[in-house]
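Based on these hints, arrange chain B on the given structure of chain A.
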Amino acid sequence: RKEVEQDPGPFNVPEGATVAFNCTYSNSASQSFFWYRQDCRKEPKLLMSVYSSGNEDGRFTAQLNRASQYISLLIRDSKLSDSATYLCVVNSAGFQKLVFGTGTRLLVSP
Amino acid sequence: EAGVTQFPSHSVIEKGQTVTLRCDPISGHDNLYWYRRVMGKEIKFLLHFVKESKQDESGMPNNRFLAERTGGTYSTLKVQPAELEDSGVYFCASSRDEKLFFGSGTQLSVL
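Residue numbers (the numbering used here), protein chains in the order written: chain A, 1 to 110; chain B, 111 to 221.
The following block holds chain B by itself, in its conformation from the complex:
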């Protein structure tokens, strides 16, 4: 069974640019989550999709972040415009139940 895949694995952009991260969950997992770890801090929840609907987006930092999950399959997380403090590792996870499976993350560096 394929795991959660994320693309790209690394992204280096300049402040003010736009970046789009993609996540392909495990097939059949209705729940999809985005988490983020910034340097030296704990992993923090960003949002949760159930199929194509946003169940909880309370962790989204501000309106520069936009997450979508068209058709309830893969998800994208767009940051526009990116700021220095957006640098970190963005993890996607999917689940059928309480057990979450994480992708290997996208390391985002905003210069």
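Here chain A stands alone, though its shape is the one from the complex:
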């Protein structure tokens, strides 16, 4: 079983739609959680950290459920520029070592 699991998609949505991605992790000792965005043939870039209390950054909302060991990302009012692969990333306790999911591909169409 992979340590971080994501639905690879693709998720095809029209502009303006709301879309949600989930991710599960297996290491209950994990301490830090992130969503990274990766455009085609580019490097991953940090989109947002995920906190237990949930956090929001504009159209993006991230949630963490430690009991069920899953992380979610909600994108509201999707833009064409949101098309990318969204990587769920976990940092295990005591280690400076990120564990990546395979990513969920999002395609936003006009």
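Be a bit skeptical, because a hint or two may be false.
Unchecked claim - For lysine-lysine, the following DSBU-like pairs were computed, each having C-alpha atoms within a straight-line distance of at most 30 Å:
id : chain 1 : residue 1 : chain 2 : residue 2
1  : A       : 97        : B       : 209
2  : B       : 161       : A       : 45
3  : B       : 209       : A       : 42
4  : A       : 79        : B       : 161
5  : A       : 97        : B       : 161
6  : B       : 164       : B       : 154
7  : A       : 79        : B       : 164
8  : A       : 2         : B       : 209
9  : A       : 45        : B       : 209
10 : B       : 188       : B       : 151
11 : A       : 42        : B       : 164
12 : B       : 154       : A       : 45
13 : B       : 188       : A       : 42
Said to hold, decoys possible - Here are a few chain A residues that sit away from chain B, every Cβ distance over 12 Å (derived from the structure):
id : residue
14 : 8
15 : 14
16 : 44
17 : 53
18 : 55
19 : 72
20 : 79
21 : 102
22 : 107
Hints are computed from structural coordinates only; laboratory data are not their basis.
Model, not experiment: these values are computed from the prediction.
Each residue gets a CB set at the ideal place from its N, CA and C atoms; glycine is no exception.
Below, chain B alone, put in the same frame as chain A:
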């Protein structure tokens, strides 16, 4: 502020040859990481430097891979001899804290 830079951006070599990848982290970042993505798989951790010291090299696949960070500045990752399964994108990242900044990667193709 300059980002993480990697060289070369692409490298095509034959099986059995040697390749050296270079990474220049963001100035002032003590932490430097190497990650790799092979075709169709997730990005995987290779190793972590804190300044010039190897903090964690648990992700290095085998002894054909050698990473160095002389003087705690730039880092090199050498693959010798390269095998077909080494093909992939090698990312370097640096950080001061938990926020990692990635370079654009080196696409390595071993033929």
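Now for the hints, and whether the structure bears them out:
1. A/97 to B/209: Distance ~12 Å between residue 97 of chain A and residue 209 of chain B Cα, so the pair holds.
2. B/161 to A/45: holds, 23 Å
3. B/209 to A/42: Roughly 18 Å between the alpha carbons, so the hint for residue 209 of chain B and residue 42 of chain A holds.
4. A/79 to B/161: violated, 40 Å
5. A/97 to B/161: Cα-Cα ~16 Å, so holds.
6. B/164 to B/154: holds, 17 Å
7. A/79 to B/164: violated, 42 Å
8. A/2 to B/209: Cα-Cα ~23 Å, so holds.
9. A/45 to B/209: Answer holds: residue 45 of chain A to residue 209 of chain B is near 10 Å, not above 30 Å.
10. B/188 to B/151: holds, 22 Å
11. A/42 to B/164: holds, 27 Å
12. B/154 to A/45: Answer holds: residue 154 of chain B to residue 45 of chain A is near 15 Å, not above 30 Å.
13. B/188 to A/42: Holds: residue 188 of chain B and residue 42 of chain A sit about 22 Å apart, inside 30 Å.
14. 8: At about 10 Å from chain B, residue 8 of chain A fails to clear the 12 Å cut-off, so the statement is violated.
15. 14: holds, 28 Å
16. 44: violated, 5 Å
17. 53: holds, 17 Å
18. 55: holds, 14 Å
19. 72: Since the minimum Cβ distance to chain B is about 19 Å, residue 72 of chain A lies beyond 12 Å and the statement holds.
20. 79: Given a closest Cβ separation of 23 Å, the condition holds.
21. 102: Given that some Cβ of chain B is not farther than 12 Å from that of residue 102 of chain A, nearest at about 4 Å, it is violated.
22. 107: Answer for residue 107 of chain A: holds, closest chain B Cβ roughly 19 Å.
Violation of the numbered hints given earlier is confined to hints 4, 7, 14, 16 and 21; the remaining hints are satisfied by the structure.
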